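> So the chains spell out like this:
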Amino acid sequence: MSIADTQLKPYSREWLLSDRPTSRRQARLGRAYIVWRRFAENRLALVGLGILILLLVVAALADVLAPNNPVVGDLMNARLLPPGSPGYLLGSDDQGRDILSRLVYGSRLTLLVVVLVAVIAAPIGLIVGTVSGYIGGWVDAVLMRITDIFLAFPKLVLALALVAALGPGIENAILAIAVTSWPPYARIARAETMTFRNSEFIAAVKLMGASPLRIILRHVMPLCVSSLIVRVTLDMAGIILTAAGLGFLGLGAQPPLPEWGAMIASGRRFILDQWWVAAMPGFAILIVSLGFNLLGDGLRDALDPKEAGQ
Amino acid sequence: MTLPETTVATRRNRRRASSFAASVLRFAVTVATTIFGLLVVTFFIGRVVPIDPVLAIVGDRASATVYERVRLELGLNLPLYQQFWLYAKQVLSGDFGTSVLTTNPVLEDIKRVFPATMELATVGTFIGAIIGVPLGVLAAVRRGSIADQVVRVIGLIGYSVPIFWLGLLALVLFYAQLQWIAFPGRVDIVYEYSFTPQTGFFLLDAAMQGQWGVMWDLFRHIALPGALLGYFSLAYISRMTRSFMLNELSQEYVVAARAKGLSETRIIWFHALRNAAVPLVTVIALSYANLLEGSVLTETIFSWPGLGLYITNSLQNADMNAVLGGTLVIGAVFVGINIFSDLLYRTLDPRTRSR
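Chains L and V supply the protein sequences, listed in that same order. With this note's numbering, letter number 69 in the first sequence gets 69, and the count goes up by one each step, no holes. With this note's numbering, letter number 90 in the second sequence gets 90, and the count goes up by one each step, no holes.
Hints listed in this document are in silico derivations from the structure and should not be mistaken for laboratory results. Hints are not guaranteed to be accurate.
Partial chain V-side listing against chain L, Cβ under 10 Å, derived [what the hints assert, rightly or not]:
1. Leu-25
2. Ala-28
3. Thr-34
4. Phe-36
5. Leu-38
6. Gly-46
7. Val-48
8. Ile-130
9. Leu-166
10. Phe-174
11. Leu-178
12. Ile-181
13. Thr-300
14. Ser-314
15. Leu-315
Just so you know, these numbers come straight off a predicted model, no measurement behind them. Ideal Cβ placement from N, Cα and C applies to all residues, glycine included.
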């Protein structure tokens with residue numbers, strides 16, 4: 001260790017990029033910084049990140065940002081006002097509700113769907129994939145057959161059938177989407193696990209007496225997480241679209257919840273004369289799922305430079 | 001010690017035959033378990049429905065004895081595994097139950113509506129491949145250029161836009177404002193009686209019967225939903241084409257072809273694309289399968305009388321037999337297309353054949 005390295009100012013660029021880190025924290029931060037630099041070179045990815053930060057801020061501050069009540073409208077004076085009307089920036093719907101306010105509150109529902117699906121589906125996929133990949137044998141065969149069966153179903157159609165059975169509502173829609181989303185994650189986690197199942201560090205922990213459970217939890221799973229994050233981010237757009245599709249068919253969030261897909265469905269009736277009622281929520285969906293796609297692309301390129309630009 | 005040539009050859013042949021038999025067997029097992037899985041999933045979905053299947057038949061004014069009799073007839077008193085066995089037997093013999101909504105057997109309904117969905121998905125995939133492949137090639141060849149960026153953005157929007165919303169906006173523009181296309185549906189009511197389809201693929205029927213008036217009308221109906229689905233498969237196909245082509249263009253045979261003095265056009269279209277074509281076939285098949293699914297929402301918007309509209313209509317009316325039958329059929333077709341593309345891949349790419 002040279003003296004120069006220890007004298008670097010902590011958290012400065014040189015400190016982060018030093019190839020002889022003096023602490024575990026410095027090494028970790030340094031790696032994160034390199035990934036971040038690669039990510040930040042991609043302008044579109046930054047746009048994606050910006051969109052999602054905006055979504056978070058809007059959802060968090062919905063009470064402050066929304067100019068009107070999203071659920072109770074002004075039937076007397078404000079039915080189907082065009083965009084740009086005073087007090088109704090994006091117009092109002094057939095019940096005199098401000099579309100902007102509904103969009104602002106709807107961002108919470110979108111986030112709810114996205115977060116819950118990720119929280120349910122990703123761990124299922126991670127567990128199934130790592131167990132299957134690490135243990136192998138008939139466990140692997142059985143788990144992968146189950147995964148394949150779920151993969152064989154088209155997502156939206158299976159979600160439709162599930163929601164039809166469970167009854168419409170946003171909770172059931174989330175559950176249905178989660179049930180249909182995990183198989184690709186299991187596949188990825190399994191593939192990753194297979195690549196280092198026989199590597200020496202696993203053999204070393206095994207020699208030290210670690211149980212399979214401990215190896216999977218502490219040594220295999222953490223290594224699968226980064227590729228899983230990329231895949232989940234890339235899937236988010238699809239999840240949002242499926243949720244909106246279910247909402248559009250009346251199987252997702254129920255009125256008067258300001259869910260974007262359901263808002264499009266309610267605007268469909270007067271799309272020829274009052275196009276904005278259906279058009280505005282669609283823009284919101286488009287922007288948010290575009291944000292997730294851009295972010296996912298950028299993350300993939302940053303975490304896996306081999307694939308970059310492909 | 002060296003074995004006689006003939007022995008070696010027979011042994012090799014035998015080994016080849018047994019490996020072929022093994023792969024056929026593995027294949028059959030895969031298909032069988034997947035179909036079994038589809039049945040299990042639809043069976044359990046059917047079980048958790050809050051709708052009482054007995055009430056759906058006898059109505060809520062039936063006496064307790066009638067109710068009990070129907071319950072026994074439906075086999076609902078049996079243990080679950082026997083119920084599943086009954087269900088599997090029924091489905092595999094083509095009995096999907098009766099639709100409450102149309103009062104027809106579900107299978108009959110599906111046979112009637114499925115060609116419409118196939119036609120739409122075929123047109124969509126065709127458009128997607130015809131435009132998507134050249135776009136992908138262009139993006140790969142001019143990597144990093146404006147053209148590449150444009151193709152990328154077109155693709156990204158395709159991945160991110162809600163299809164039903166785009167369909168609605170397109171209807172407003174092309175039907176209501178410009179009046180370029182026909183009213184949602186598959187064929188004008190004017191032709192409903194003068195045109196008798198035979199195969200169920202209306203475009204094909206009209207062309208075979210030489211009914212050009214009908215043909216034009218059909219075209220005006222299918223143009224927008226077809227183009228919309230085409231856009232979605234284009235997004236996927238162009239992205240994959242680009243990635244395959246980038247891979248091929250970095251291979252050594254391309255350098256060799258350049259050194260030989262072949263024109264760049266020839267290298268791109270005859271050498272690189274030909275090699276990229278093999279995985280592309282799989283991609284196009286998969287995008288066809290995706291369009292079958294995408295048709296659910298598209299058909300709803302365009303009142304296209306296909307399987308998607310059938311499923312959503314049945315959903316609104318709590319017609320579970322129809323919903324599960326449709327789900328099962330789409331699932332089975334999905335599996336079929338996957339297998340087909342896998343086989344095609346093996347046939348087209350000599351490298352995947354077992355030696």
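> Give a verdict on every hint.
Verification of the hints:
1. Leu-25: Violated, because the Cβ-Cβ distance from V:Leu-25 to chain L comes to roughly 14 Å (cut-off 10 Å).
2. Ala-28: With a minimum Cβ separation of about 14 Å from chain L (threshold 10 Å), the hint on V:Ala-28 is violated.
3. Thr-34: 5 Å, holds
4. Phe-36: 8 Å, holds
5. Leu-38: 7 Å, holds
6. Gly-46: The hint holds - V:Gly-46 has a Cβ within 10 Å of chain L, the shortest such distance being about 7 Å.
7. Val-48: 5 Å, holds
8. Ile-130: 23 Å, violated
9. Leu-166: At about 8 Å, which falls below the 10 Å cut-off, the nearest Cβ of chain L leaves the hint on V:Leu-166 intact, so it holds.
10. Phe-174: 13 Å, violated
11. Leu-178: With a closest approach of 13 Å, the V:Leu-178 hint is violated.
12. Ile-181: 14 Å, violated
13. Thr-300: 7 Å, holds
14. Ser-314: This interface hint holds because 8 Å falls under the 10 Å limit.
15. Leu-315: Result: holds, 5 Å to nearest chain L Cβ.
In this structure, the hints that do not hold are numbers 1, 2, 8, 10, 11, 12, in rising order.
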